[in-house]
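Student: Going down the list, the sequences are from chains V and U. If you're matching positions, the first sequence starts at 1 in the numbering used here and goes up one per residue. If you're matching positions, the second sequence starts at 1 in the numbering used here and goes up one per residue.
There's no promise every hint is true.
Claimed, not checked - Derived pair list, reagent style PhoX-like, types lysine-lysine, alpha-carbon separation capped at 20 Å: (1) V/K215 - U/K185; (2) U/K291 - U/K218; (3) V/K151 - U/K185.
Claimed, not checked - Here are the in silico distance ranges between beta carbons for each label pair: (4) V/K182 - U/G215: 22 to 30 Å; (5) V/Q56 - U/K218: 43 to 51 Å; (6) V/E106 - U/D163: 54 to 62 Å; (7) U/A189 - V/K182: 36 to 44 Å; (8) U/A318 - V/K182: 34 to 42 Å; (9) U/A12 - V/E244: 43 to 51 Å; (10) V/T197 - U/T172: 22 to 30 Å; (11) V/K189 - U/A12: 22 to 30 Å; (12) U/G125 - V/G30: 35 to 43 Å; (13) V/K215 - U/K284: 22 to 30 Å; (14) V/K18 - U/G215: 39 to 47 Å; (15) V/H53 - U/A318: 55 to 63 Å; (16) V/G102 - U/S174: 24 to 32 Å.
What the hints contain is simulated information worked out from the structure, not anything from laboratory work. Predicted model only: the values in this text are computed from it and were never measured. Even for Gly, the Cβ is constructed at its ideal location relative to N, Cα and C.
Now for the letters of each chain:
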Amino acid sequence: MDIIVCIRRAPTTDARIKPGADGKTYDPAGVNYDISEYDKFAIEAGIALKEKHGGQVTIVSVGPSAATKELRTAIAMGCDAAHLLTSDAQHDAWSLAQVLAGKIKELPHDIVLFGWSSVDNQSASTGQMVAELLGVPSVSVAVALDVADGKATVDRLAAHGNRERYEISLPAVVTCTKGLNKPRSANMKGIMAAKKTAVPETPANAPADGVAVFKMDPPPPRPEGKIVGKGAEAVGALVKALREEAKVI
Amino acid sequence: MSNDVLVFVEFADGAPTKAGLQALGAGAALAGQLGGQAVALVIGSGSADLGKHGAARTLVAGGDAVSSYSPDGFARIVSEQAAATGAAAVLASATPMGKDFMARAAAMAKCGLAADCTELKAEGGKPRAVRPVYAGKALQTVEAPGALWATLRPNVFAEISSDGTAAAENVTVSFGPGDLKAVVKEIVAGVKGKLDVAEAEIVVSGGRGLKDPAGEGKQNWENLEKLAETLGAATGASRAVVDAGWRPHGEQVGQTGKTVSPKLYVACGISGAIQHLAGMSGSKVIVAINKDENAPIFKVADFGIVGMVEDVVPALTAALKEAISG
Ligand SMILES: Cc1cc2nc3c(=O)[nH]c(=O)nc-3n(C[C@H](O)[C@H](O)[C@H](O)COP(=O)(O)OP(=O)(O)OC[C@H]3O[C@@H](n4cnc5c(N)ncnc54)[C@H](O)[C@@H]3O)c2cc1C
Ligand SMILES: Nc1ncnc2c1ncn2[C@@H]1O[C@H](COP(=O)(O)O)[C@@H](O)[C@H]1O
């Protein structure tokens, strides 16, 4: 099986994000990066499919040269190859989807895996857009995935805890979420292999954004909260505040 | 391009969902600013007079091809109607369904998607949207070169009631069931009638402070459920308790869980880590119950009680019952 996993280098979830000097993107000072959280479930799903069916797992990512670190982490986890399409700019999902689909078309692919949403851009769109550009089925927010006889059975987490089951033909796009698996960590052998694997870099030449950022602002600050009291005796004051002050109950 | 706004209105069990009507309300408000009208689009058999909720027209796409949900099928219908109406903006609610197919629909139309927006406005005759990014640590204002495609966060926009009528106009679906790439085959699990944490108006969440439900925490979680029931709330959880297997992962609130913006969020035994705050600080009113007065959750809580969940949660349920019935 030829498995492709699209991963994103994103600010860690504990990063402090402040608008930068251009007023459109964030100030990178002091920000650390990691593989975007849900992409780890996609990597694990890819490696698990390879272990079951044979084949190879190829990572594709758009990002700055520094993202080779995250790509090597994916190889250390058990992926076989990685391609970095270099760009130092921030792009929206539509721009990224076009770059990714262009690269994926050059590579053999039976299944293309994504995180269901990035932790930073949070558009939850890139996977479905790539599927449309490739003209293949997509199922997003997968919590179960099984492949047999050129087909995938996928359970998608929908509203109200419902799981919708799909049976789709391959090639297909599946976006992955927590609950699908437990991402493994890299072992020593993987880390050694990652050191030896070349990560080719080619310029992304990303097309214009579908939705362009006009400005980026910090969120309005929340007013300073107050402690209404201590222990069970305070519930009366709380209920009164919720009724009369906040008017929410 | 017209000045109209096309709004996909989600239905469940034959009636429009609350989130669907909120999207329609937002679409009608935007259309008013653009000098156009809101066109509601319903897929499937459900029909209601959406003229009462701000629609000037109601388009209904039905038939065999859409008897079950299909991401590419729904995407195709919405992109075809977007082209047919020449809409300046195409909207749907950012529910699990809307998030899924709107990205595909926008791509069919060769457009981007402003996902999970919390504000919409016309500026200089063009629609603009505001969307939280980095889990609410920043707000982006975005615009599109052509039509603006957007999904709208539930519970942020207001439903409207109007006295118009917009009788259903059937639109043709250009494909048959055999043309669909992915269709829901069956629903394999789920709790009928259970409120989804991302769509609920009130959320009551529990954290590690409630302790292991298989051990000493059993009573605490029962108390939390009773509090949620009394408030008509959905239950949420911190990642710590989801990772411990104490609660299902669909309940996780935070940067790597669900983003919620209910009118009331009650955090019980949750410390308020940055990733948790990221998912719930858009709530209108936040209440925190924690034994540690220095817990970071109190920094964002409008009202806090310093105390043990064992005592405070059942007392609060009792006091609420009395207040609500009185
Ligand atoms: C990549 C990444 C992503 C993450 N994403 C998320 C996310 O999406 N959502 C999320 O929630 N977390 C997330 N986290 C985890 C986060 O950092 C915290 O570890 C987690 O939120 C803590 O959960 P908690 O508040 O339940 O537990 P704790 O931090 O252990 O807090 C328990 C609280 O309960 C109080 N308490 C204890 N006993 C009682 C009692 N009897 N009565 C009253 N109060 C009591 C304590 O004072 C304490 O404040 C993420 C972490 C990482 C690294
Ligand atoms: N720059 C990128 N390079 C490769 N894959 C990406 C990139 N950005 C997003 N993705 C993939 O698309 C998924 C959804 O991202 P988003 O649409 O931004 O929420 C991510 O979880 C990744 O799998």
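Student: Find the hints from earlier in the document that the structure breaks and name them by number, from lowest to highest.
Tutor: Of the numbered hints given earlier, those the structure breaks are 1, 7, 9, 10, 11, listed in rising order.
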